[in-house]
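Visitor: With the hints as a guide, dock the two chains, each given alone in a separate frame, to form the complex.
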Amino acid sequence: MKPASAGRPVRPDLRRSRLRDLRHLLLYAAARLLALLATVVVGVYLTILVANMGGQVDELRLVQIRSEAVEAVRADPAFFDMPGEERSALVERQVALEVERLRLDQPFIVRSLDYLRRALSLDLGRAEQMHSDRGSREVRDIIVERLPATLLLFGSANLLVFFTAVFAALHLSRRYGSALDRTVIALAPSSAAPGWFYGIFLILFFAFLFPLLPAGGMVTAPPPESRLEYAASLARHMLLPVAAMFLSSIFVSIYSWRTFFLIHSSEDHVEMARAKGLSARRIERRYILRPTLAPIITSFLLMLIGLWSGAIILEQVFNWPGLGSLLFQAIGHRDTPVIIGGVVIFAYLLAATVFLLDFLYALLDPRVRVRGGRS
Amino acid sequence: MKGVGLGISALLLAAVLLVALSPDRERTEREAGQRAGTVAGAVDAAALAERQGGLLDEIVFLRETDLGRVTGLIEAGSHQLFSQGISSPTVVNRLRDSIHADMDLAFGTSSELTLNPTGPILADGSLNPFALPEIREALNWLVDRRHVAEELYGGLAVPRTLPLSTAFPDYARLAEEARALELRYAHDPDRAREAIEAGMGELGAERREGRWVFAGEPVRLRLLIRTEDERRRVGDYLANLLQGLGFEVERRYRTAEEASRLWIATDPAAGEWHLYTGAWISIVIQRDQADNFSFYYTPRGRAEPLWQAYRPAPEFDALADRLSRRDYASREERQGMMARALELALVDSSRVWLVDQLNASARAANVEVAADLAGGVSGSALWPYTLRYTDRLGGRMVVGLPGLLGEPWNPVAGSNWAFDRMITRATQDPVVLPDPYTGLYHPQRIARAELAVEAGIPVEHTLDWLTLTREAQIAVPGDAWVDWDALHGRFIPADEAHPEGLTARTRVRVRYDPELFARRWHDGSWLTPADFVLPWILDFERASEASPLFDPAHLATFEAFRRHFRGWRILSTEPLVIEVYSDQIFPDAESIVAARAPSPLPWHVLMLGILGERRGELAFSSNKADRQRVDWLSLVAGPSLPVLERLLAGVQEQLQEQLPLPYGDALGDWLAPGEPERRFAALDAWQRAFGHFWVGSGPYRLHSVHPVEGSVVLRRFEGFRGPADRWLGLSRAPIPELLLDGPLVVAAGRAPGANGLAVGGREGREGAEFRLAVTVEGAPYPEEELREVSYLLFDGDGALAGRGEAEPLGQGQWRVRLDAETLAGLGSGANSLELAVISRRVALPAFASHVFATLPPGEEVPR
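Same order as they appear, the protein sequences are chains C and F.
Counting from 1, position 349 in the first sequence corresponds to residue 349 in this note's numbering; the numbering is continuous, with no gaps.
Counting from 1, position 830 in the second sequence corresponds to residue 830 in this note's numbering; the numbering is continuous, with no gaps.
No lab work stands behind these hints, which were simulated from the structure alone.
Keep in mind that a hint or two might mislead.
Said to hold, decoys possible - Examples of chain F residues lying across from chain C (beta carbon under 7 Å, computed):
no., residue
1, Pro639
2, Val643
3, Glu709
Glycine residues also receive a C-beta, built at the ideal position from the N, C-alpha and C atoms.
Here chain F stands alone, though its shape is the one from the complex (with noise of 0.2 Å):
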């Protein structure tokens, strides 16, 4: 009995390890599939060229939440692309030493330092120096910004100075007058101490054997340092400074939620803190960065104390709050003040800037795909039309995610985490698309459009997808839709609702393509223009009280688009075409007709979450869901699927029996015959296919969703109509790339005629010729697509000599000269040309500098 049992034991266990350790199907195929890619070497352009819609057959998300594997997955086959950004400089080392990975970059993440502002005595008595923008201004000089990017970050940061991101428009269009700043505020020690030493006096301390005392005690600086990340470094770096200078430094590691207990929520007067180590995210490219200076230096910016204890300067206080509400006249107006802003926000220095941290996108080597320079992948907008495997066409991708499906999917008030959208935003088509390296727009599904604003208004026009004109005067015509009648279901004209008249700032006109309603949804249902009107009721609806969709959490965003809102109608349905009235201006026209221009939902699958929230079952927001204690809409999984197959169901009857649906008027005339019916059968049979109620229409559908397994799939939707590879020359980010070269030591001081100088340069010529190479992966740099070539020349004491264009000499070439004047103002001394590229392709502006030596008038020039 005993053989027979043990015998038993050994056969199950054999079969279980049979079982486990057979050959992975999965595996087996993905590496098939891997080997034939790797044989095939190439894309076969005539298949790429004929592909529409996705570049990949099948997608994969995969929740992954360890950064210390990406490599090793990578490597093994398993994965072949991670959304989340990496600021890990081990982990991206290892990226950067395996032949089998690859990565992309972004910008998105900021460090600073955030100082306590209030005092110059606290609540217990204390000194806090930081009262003084003086001192607050010399911790510029006193922080080694280069040493924290390379040091601290292990190479994954770029020192910031100022409060613009460095990879953002702004700061390329501000490039000149940023590099004077950044030049001026270099690495100073000396002037740091001395600044400070003069502060300090002036506050009434004394140094006393090397310490600073204030009434008798020593002057004692208790300093905030984020524990999560590389800021703990900086805060013991910025801590040894301040010893360094005669600071007892209190080092109090606290985490991210511990942190803001203090700095965000108690009285800075209070001085429970000096310094904290902060840091700031965006991830997206923000064109416009005029508000920063309000939020980040004034009261204005958050009610919080330490905000409300912000004393910024009556001239850079009245000059952020003019910017952050636009008020300029035009665009030359606009880079004055923000220069000007940018010196104050530096004499102010509420907050010191220290480095742009970058995130590493990890890829298989074989990968390519189009990464947001702020929100790296799972920011992109393009990830959905770029991705794809660089040696083979389709196949199938794994992706790691740190997480998905966080909250329920709905395209109303569903997730909002950026992971579970970066899945969704291949399943839409958007109208436009932003550009990943300048956040501009770009047409998708929109022929053109035409932008009028009010004369006077400054809005800068850039692509030629769209015309911008000027008017006196715009008027709201009276058949536009201003309003919606939530009791009686019908659109408000503005006639009836403004019958004195009513104007707008903008007026948006989007012709749509021609072909957009021979387009199918990816339940095979057509589009139609109740695709673009039940999103606007309903947006209505939620706002309003009489509605039983009201939800008090839409509200205030709902007031805020009343605000500026004015209007909107329908001119045709072939080709479609809308115009919307507005008063909300952003600086670039691409952005107002992306902001204004209607985007399709389709009607049918919101009316089921229109009628679920009606009956009380189910409801599009979180807040909403949690008061009335139903489940929160999901379109993908959870017991809202049932609540949607009963009222699918419902609706098919209700239709059978021709009873109305909600808002049937208001719809009726923009529906086809039928159309209905077909839909909800379309959608019944894509339930039962795929066990779900996503529909949308973008290049890949939602085939499958595993919430506990944590995966989703997606596959290509094969009725896409728009060709693969329309987006694939935005895959790379074209950062300018440069090469400066010139003579290291001339002469100066020669008059212009006599016999100048220059060792590299040209013999028997005046001045001094440096030459500029712009080249993106080793090609030249195309020269229309640069937007800038300047240079600043400054002197040995730093201070700014000179500016100017460089010249195009062709194939990516570019000429400075200098002129034998200029070089004579320059006196004896070293010198740094600083040369500044700003493409119209990245908003990344690059720069190289080169140190030269002028010799004083009589010497000789080295050979």
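Just chain C, with the same shape it has in the complex (with noise of 0.2 Å):
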């Protein structure tokens, strides 16, 4: 058996579109890429500058370290009897070496390319300031060991929204105007209070006043050894803080939504569909959902990328020890490194995500190709 094309001479009309659309959606890819990789630039050295303060971090730095040495050597038992010339001098040995360390010694501009090339190449190197809780100064083991824990959060309380509000939204854009869907309506300006704020009372619902979940935490203290206890215990510690997360933007989201479907409902070839007497479950599958996958899609993956920055006031209100707050510190820190290692994978993983859109809306388009190539 072969197919019923196969040994049929392709018409030559047809492989030269087929090359010119080839070359358009390569042109296009490399276009897209250029302007991805250009915003990566500007985007992760504006942030060099702006964790920076163009510059301006370096003054503050000094001043730090100069009163850090004197109130050490002031509060040292050992330097007691060292008279006031001497331990000026030993503050100003001690202010040298640290701003040999943090090459404070070296020009602004000079160390922002060096911050530059080293972001774009990935190469993350060493914090400032900080560590990773377990101890290591690289910034790439700083970001990676809170990874896991944003992941598991985050990622578990947007996938619940996601699919809940998608299901939710097809449900209720099936029964306009009833009374669920009148109660979701009137509940969607609760989401304009953030997770962190719904989290504040969960707590004192659940933990203070009828204290039936942990207030905060990953989980119970010590650990349990048994993987399993673990499991249950991180379960019963993420259940405050997804509810949080849920109850924040489940509503708007199911209204957006809902609204996104019932627009897509009421087009011409669904209205056709219903014309012809197909059935609800088909028109809704084939001639809603299939249409408005590319938007579904485009939303799903910026809502994955978007778990990369955590959330910083939500993870100090359940003491949660993820990205969002390791960000926080590092800008508390002025840690550049981190700060820049936190922001450049984000714009990369943000680029690539981006440049798999236009991509795959390129595929699926033509007249997205044609005048992405043309452009």
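Guide: Shown next, in the form of structure tokens:
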């Protein structure tokens, strides 16, 4: 058995058309790649400038280094009887060592370009002030150590919100105007409050007034030794933060997806399908879901890479050791390599995702690649 | 299909909820323990007397940054102690209101106004009134410290006028002088206004329509106000006061970082600021604050522009310098110098001290711990020996910390974070321990000590575990080790380094506990003299450029040590007796011995670190790790552990092949036969059991470390030798509580022999009598534990009219009698009797005051 087209010569105009499409696609991809790369470069360098306040952080650091050195010398009984002048000389030596370690003796512009070069080559290097919880100074270790906790909590919450919202929205779009639909619409403004806001109330109710769940942390202390108990403890500790995130975004998500599906379900081709007497399920799958798949995938992928940033306040409220609080600490310490490390990975992930989406759109929708190729 | 999908989803959800909501084993155990404790109600005295080491079975440290939840977590039973100081009045009031919670107070933070002393004309041509000492001094009368303490700090502060902490020993030693100065500089806005008006006139400013004007422009003050704490309210309060006096005030609200760029980093002559709401922290009780004058008021304090702008009066400068160099011959001379320096500091007033802030350490009501008067729980050296439930022995306790594992842990140059130090302190057993209320050292692993100091050096001796002698000259013996030859790995004796002879100002001879070498490290190995020797070698190696362990970051500290170090030697090992020679002097003999007495570190653990650093794989210090781009040695977690495991395996192989270890020759004499093999085998077993290399000898051992989850678990070290109740006597701060009673009205001016006086006093006797009750927790304060109960008498003008000592009457009762002559000297008006009580057991002095009126001659005392 051969396919129906087997052995049949491809028409020259069709081949030309495919080659033209391929050329346009490659041109489009190259242009997008260049644009994304430029965006990453600009974004990362802006981060370097902002994180260092255009170099003014050096001045702050010097003051901080000097103050710490003075206080350390003053608090140490070993220097108790040292004359003031010698003490000052000692402080100067300590300051000089720290200045050398942090390369503050180099102009900021030189350091900023070095930061950029290393960031773009994904050489994250060593942190200046911080350590991973386990004690490593490698930025990679610092970030990777917090990644699982972030992915677990925010992944669970966001996936739950996403799928619940999409399926609930589909359901509501079929029951437009029902009591449930009106309730969801009425509750949508509740998402104006962030997750940590709900978190505070949830902790108050379920950890203090009715102490059913832990107030914070990732697992019981000390962590259980058995894997099953560890997982159970983890689940217990995740319940409140996941509930907080769920509460803060579910209604508005359902509302927006429901509106989206409602708009699509009133398109002509859907009306035509209904007129043809197709089943509701078939209409939903083939005539509503399939054409709206691209925006759904876009939203899903952007949600996934959004996990990278964590959530600073929510993590603080729930004492969750995630990337959000890590970045917050890094900003507090003005630890440029860690800030850049966090941002550059996010930038690359975002760029890769956008490129992938563009590419998928281009594959799926000829209008995109033609426009892109021409542009 | 749809139904099946829904069913599976529902089942999954139910399973997750079931698992998540099922009772937590740890929580159930904890609650059961708490119930059992509540039922038991009291500690079994016999069991307590028999118990060795820690009073708890397990301590879990948890990261908890949100102070707002402290009371709730204690009430919920999830935490029993919080180490961080709480300064928020709201949180402290919640703690006070809770029947399940209690707290300990610490005094380590002080708040002041830093003034810009440059000028009077600044770079921008504007006037700086604070260039004039009289105007600076006037601020002392302007601010109402009691208002600041009680209203702005919500009662979590005590007024402070002097550059001495009100909780530290120097303040108690100078209580009389301090009280007199505090009264002299008490809140007096009229006097402040007069002084400021006079000063402004002297500077050439004039007052127009209630506003100060200089060279046609309003006098504008820039006030840097810190925003993170109560200093924001202090700044606003001060700004209002200054505006009320006719100044234009620009309020610059700044965080620590933003403010430091202005008040520390810029030249004060540039006029970026005039006043700054400063604060200083001390986490240990400073027994000698003589250096404060030099630090806070003279250019010797710091190298920054602000300090270089200080121009103290020559007398003050010279006095501050002498005090910082401890240039005095006796305690009495020092007292006189300090008293005068305090007076001059207030005249100078480059800083106006406001309050000593109180920080609360929260704990459950059934928990007791010795909290340090300055450092709170986290700064207390005795917490591992005193932390317990008051209603049961043993059990588990959960302690909240704002952060843990801030930096890698190693005993040489590891984490310096206060909260990491707090945890590691429980795993160590120091040879001396500081008293949390006086700062004086007590022996822990020392049987006794002998201190010899050169004649003429003012050193005070309080406790009886050491003897103090004075010698005309202290010669360093020829066999004392004075240096280390890193090239050849040997100690250099004094007679080789100094053939002409060497002398020292002090000699400390420490006789350790005879049972010292019958004690074990946590991994089961016995302590030996090598645990004292290798830390010294390492100290010298890290400062020697010839050594692969050379660390430039260590050099400065080491050089400071070398300035006063004159040598040491081991006189015997059974028991261990070590002699140390040094030129460094502290005013307390106990502090000198504590600074000199060597402490042991497990040499086998150090050896692994040494090997790691020699091979360029690890480094003890952060600085060296960064320079060499290797990992900072952590004995508890992270990438150091696999390296250490490999090194341990290598050392064991090396020993099997009978290859020497580093410093083998120097250490050889101090090692027992077969000791290295036993040590490393024990460490290997320890590491396999607990997954880390942190080995100590304290009452608790490090059981597990969970870096990402943010918890550390300590468990009681079963092998610890030492009664668990040894330090319980220091669990609570014995701060004297005073109740002063006496007549409210007395007749003055009668000649002795005439019928005097007193309402509430005894009829028919001359003079007046006042009674003071000194108690602690309701019981009479033992007389022998009070160093001084003295009084100051001030007349109606606030002038000192008399001083003296109170008489003990027994049972905590004291009497002050003022004779008719003294009363006659007061004239008529409202007088004040101020009592100062200084305890030997706590640095914090207690004060009581009684106001009474004296009637003019001829008037009858109302009944």
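Visitor: All hints, please: hold or fail.
Guide: Comparing the hints with the structure gives:
1. Pro639: Result: holds, 5 Å to nearest chain C Cβ.
2. Val643: At about 12 Å, which exceeds the 7 Å cut-off, the nearest Cβ of chain C leaves the hint on Val643 of chain F violated.
3. Glu709: holds, 5 Å
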